[in-house]
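The sequence shown begins at 131 in the working numbering and counts up by one.
These are calculated hints, taken from the structure and not from any lab test. Fair warning: there could be bad hints in the mix.
Taking lysine-lysine pairs in the DSSO-like style, the calculated list, with each CA pair at most 30 angstroms apart, reads [said to hold, decoys possible]:
id, residue 1, residue 2
1, Lys-359, Lys-401
2, Lys-702, Lys-518
3, Lys-359, Lys-518
4, Lys-480, Lys-702
Using C-beta positions, here's what the derived DEER-type ranges look like [to be verified]:
id, residue 1, residue 2, range
5, Asn-498, Lys-359, 44 to 50 angstroms
6, Tyr-644, Val-223, 25 to 31 angstroms
7, Pro-549, Glu-305, 18 to 24 angstroms
8, Gln-545, Asn-498, 44 to 50 angstroms
9, Leu-440, His-648, 51 to 57 angstroms
10, Leu-426, Gln-486, 44 to 50 angstroms
Heads up, the beta-carbon is just placed ideally off N, CA and C, and yes, glycines get one too.
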Amino acid sequence: FANDPEDLNLTSPVNRHHRVILTFPLVYCLSLLSRSLILIELLLQSINMNLKCNLLLLVICVVSLWADHCSCELFTAVIDIQKSLQQEQDLAVALEDYVSQEMVRLSSVKRFAETLKSRVKTDDTNSTDLTHPVYAYLMLKRLGVDWQEHVKGKKEELKNSFESRIQNLSLPGIEDVDGAMDAIVRLQDTYALPARMLSTGKVSHEFNFSKSIMTADECFAIALFAYTKGDLYHAKDWFSVALGQMGDRTISSQGLKRSRILDYLAYVLYKQGHLQEALALTNELLVLEPGHERALNNRAHFERQLANELAAGGPRRKGDTGSAEDEEAIRHNAPHREGWYASAEFQRYKRLCRGQLLPGDFESVASNKPLVCRYHRPHAYFYLAPVKEEIAHWRPLIVLWHGIIGTAETATIRQLAEPRLRRATVQDPATGRLVTARYRISKSAWLQSVLHPAIENLDRRIELLTGLSVASAEELQGPPLVCTKQLNKSIYSESNLFLQVVNYGLGGHYEPHYDFAHRREVNSFERAQGNRIATLLYYLSDVPAGGATVFTDLGVRLLPTRGSAAFWFNLKRSGEGEMLTRHAACPVLHGSKWVMNKWFHERDQEFRRPCSLDSNE
131 FANDPEDLNL TSPVNRHHRV ILTFPLVYCL SLLSRSLILI ELLLQSINMN
181 LKCNLLLLVI CVVSLWADHC SCELFTAVID IQKSLQQEQD LAVALEDYVS
231 QEMVRLSSVK RFAETLKSRV KTDDTNSTDL THPVYAYLML KRLGVDWQEH
281 VKGKKEELKN SFESRIQNLS LPGIEDVDGA MDAIVRLQDT YALPARMLST
331 GKVSHEFNFS KSIMTADECF AIALFAYTKG DLYHAKDWFS VALGQMGDRT
381 ISSQGLKRSR ILDYLAYVLY KQGHLQEALA LTNELLVLEP GHERALNNRA
431 HFERQLANEL AAGGPRRKGD TGSAEDEEAI RHNAPHREGW YASAEFQRYK
481 RLCRGQLLPG DFESVASNKP LVCRYHRPHA YFYLAPVKEE IAHWRPLIVL
531 WHGIIGTAET ATIRQLAEPR LRRATVQDPA TGRLVTARYR ISKSAWLQSV
581 LHPAIENLDR RIELLTGLSV ASAEELQGPP LVCTKQLNKS IYSESNLFLQ
631 VVNYGLGGHY EPHYDFAHRR EVNSFERAQG NRIATLLYYL SDVPAGGATV
681 FTDLGVRLLP TRGSAAFWFN LKRSGEGEML TRHAACPVLH GSKWVMNKWF
731 HERDQEFRRP CSLDSNE
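With the sequences and hints as input, model every part of the structure.
Pasting the structure below:
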């Protein structure tokens with residue numbers, strides 16, 4: 131068999147443990163500090179090389195130390211990533227100041243060294259001179275006080291000053307780097323974006339950010355991430371881009387060897403059934419490193435397999451298992467998926483996010499009734515200023531209300547939510563506990579109506595607009611953001627009405643789900659306020675690309691527009707769950723997505739939305 135580059139029993143190009151601990155922080159730190167280090171290089175050109183290396187090692191070690199001890203989950207909210215830009219600028223200023231002060235200190239050290247050297251030349255010292263009290267005093271002072279003041283003491287003072295300036299910076303950690311790479315691969319997969327396009331900073335035909343061009347090392351890091359996750363399809367794409375970024379070089383500026391990329395790419399191509407290409411790359415690797423043990427073994431294996439296939443009537447373009455699924459994936463140059471990610475619903479979800487539906491995708495739920503836009507007056511409050519209503523689907527009814535929350539209100543809510551943001555959780559149906567999940571990447575905050583008059587006014591407007599009571603609307607279930615005594619009050623008291631505000635992170639998304647709870651789920655009705663009867667979803671920001679709300683069984687796609695809100699009923703009038711309301715939040719491709727949820731419960735809606743004996747109503 132061909133040998134996996136990750137096999138630790140062979141001469142592996144990378145150790146799994148060391149890759150996690152060293153490679154990712156180094157790639158991130160070099161990216162984060164690139165502008166700062168260029169500045170340092172310019173400032174240190176006149177300084178001794180050994181000293182330059184010591185200073186750079188000090189800076190990188192201090193930053194790495196903070197990165198290793200930080201678990202900020204910055205990747206889960208764009209607002210936190212935006213703050214990191216200021217942190218990077220602060221770090222650059224701190225580094226520049228540190229280098230400037232270090233150069234001043236070195237000038238002082240140089241003068242002190244010259245003083246010592248001149249004293250040694252002028253003094254014809256011998257052991258008897260040390261008995262002279264004045265001479266002994268001067269020597270001891272030079273070594274005990276002047277040395278401390280001019281050399282050792284100033285060095286510690288500058289080091290402590292620099293560390294104190296950066297200790298309050300919330301620097302990213304390994305989890306953030308992993309989350310960012312996971313987001314890039316997710317966006318690539320959902321929106322069918324080639325790695326070469328992403329590597330140049332282009333996320334769509336409309337958005338091209340030339341400042342985000344990736345180096346070979348950064349492309350290789352993403353390829354390695356996908357490889358370790360078993361995603362060979364995207365790993366191949368990124369390894370190929372990394373190889374292209376190397377040009378004719380055998381080693382990158384950051385130490386990445388061309389032979390290492392060839393090693394991984396050849397094995398990935400072999401696993402995907404591309405034996406000829408794998409053999410060609412292995413031969414190229416052996417030109418660079420003739421004694422590469424694994425490459426020699428792999429070349430022999432590739433040649434034997436090609437000879438066997440030729441004898442059997444020609445090469446087969448199959449994967450390692452030769453399964454029908456692998457052959458189908460190779461034929462269409464598509465990733466091989468398993469489980470949920472191979473399901474028809476997940477593929478529909480991705481097509482909906484891209485806005486590329488296939489004929490017949492939703493014929494069974496299509497309505498003959500035309501969709502309309504109209505002015506809506508659900509209450510006398512809206513008589514002079516009717517609501518702009520867009521019908522997105524008739525049965526079940528899904529509406530989009532435009533311009534129902536103003537710019538000032540949006541800014542106030544975001545300002546209140548920002549310091550309260552925490553990693554968004556989902557309820558484990560088996561245990562009832564709230565846990566973080568890879569399929570929901572965002573941070574959320576829960577706002578009480580008593581926090582600000584704007585929230586109270588919004589709650590009153592919600593009742594008039596929907597005709598539903600907010601008395602039993604969703605209560606805080608995550609980590610307490612208000613004191614415990616408040617949380618232990620009756621859940622129907624006015625002070626316990628909450629709005630959930632969400633900021634999505636890098637590639638932030640929420641895969642297909644229902645808002646209502648199933649009876650088999652633990653804690654689904656434990657508070658006796660009933661199930662989630664309806665959802666109101668406010669859009670607090672425009673999203674330039676991606677971030678749509680899609681209903682995977684209806685083919686409905688709602689694009690986020692600041693000030694608008696989507697509304698639908700999760701339950702039928704009979705109290706049974708409306709299975710067609712399964713929906714998802716598509717990954718954010720570009721921009722920052724802010725939304726706000728209000729979940730209405732069955733309690734107090736008895737006369738506002740009466741029950742029905744018809745299970746289909």
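Hint check results:
1. Using a Cα cut-off of 30 angstroms, the hinted pair Lys-359 and Lys-401 holds, with the two alpha carbons roughly 15 angstroms apart.
2. Of the supplied pair hints, the one linking Lys-702 and Lys-518 holds, its CA atoms being roughly 25 angstroms apart against a limit of 30 angstroms.
3. Distance restraint check for Lys-359 and Lys-518: the Cα-Cα separation of roughly 46 angstroms exceeds the 30 angstroms cut-off, and the hinted pair is therefore not satisfied.
4. For the proposed pair Lys-480 and Lys-702, the alpha carbon gap of about 27 angstroms is at most 30 angstroms, so the pair holds.
5. Take Asn-498 and Lys-359: their Cβ atoms lie about 45 angstroms apart, and the range 44 to 50 angstroms holds.
6. A C-beta distance of roughly 49 angstroms is found between Tyr-644 and Val-223, which places it outside the suggested range of 25 to 31 angstroms.
7. Between Pro-549 and Glu-305 the C-beta distance comes to about 21 angstroms, which sits within the given range of 18 to 24 angstroms.
8. The supplied range of 44 to 50 angstroms is met by Gln-545 and Asn-498, whose beta-carbon atoms lie about 46 angstroms from each other.
9. As the Cβ distance of Leu-440 to His-648 is approximately 56 angstroms, the hint placing it in 51 to 57 angstroms holds.
10. Between Leu-426 and Gln-486 the CB atoms are about 46 angstroms apart, so this pair conforms to the stated range of 44 to 50 angstroms.
Hint check: violations occur at hints 3, 6; the rest are consistent with the structure.
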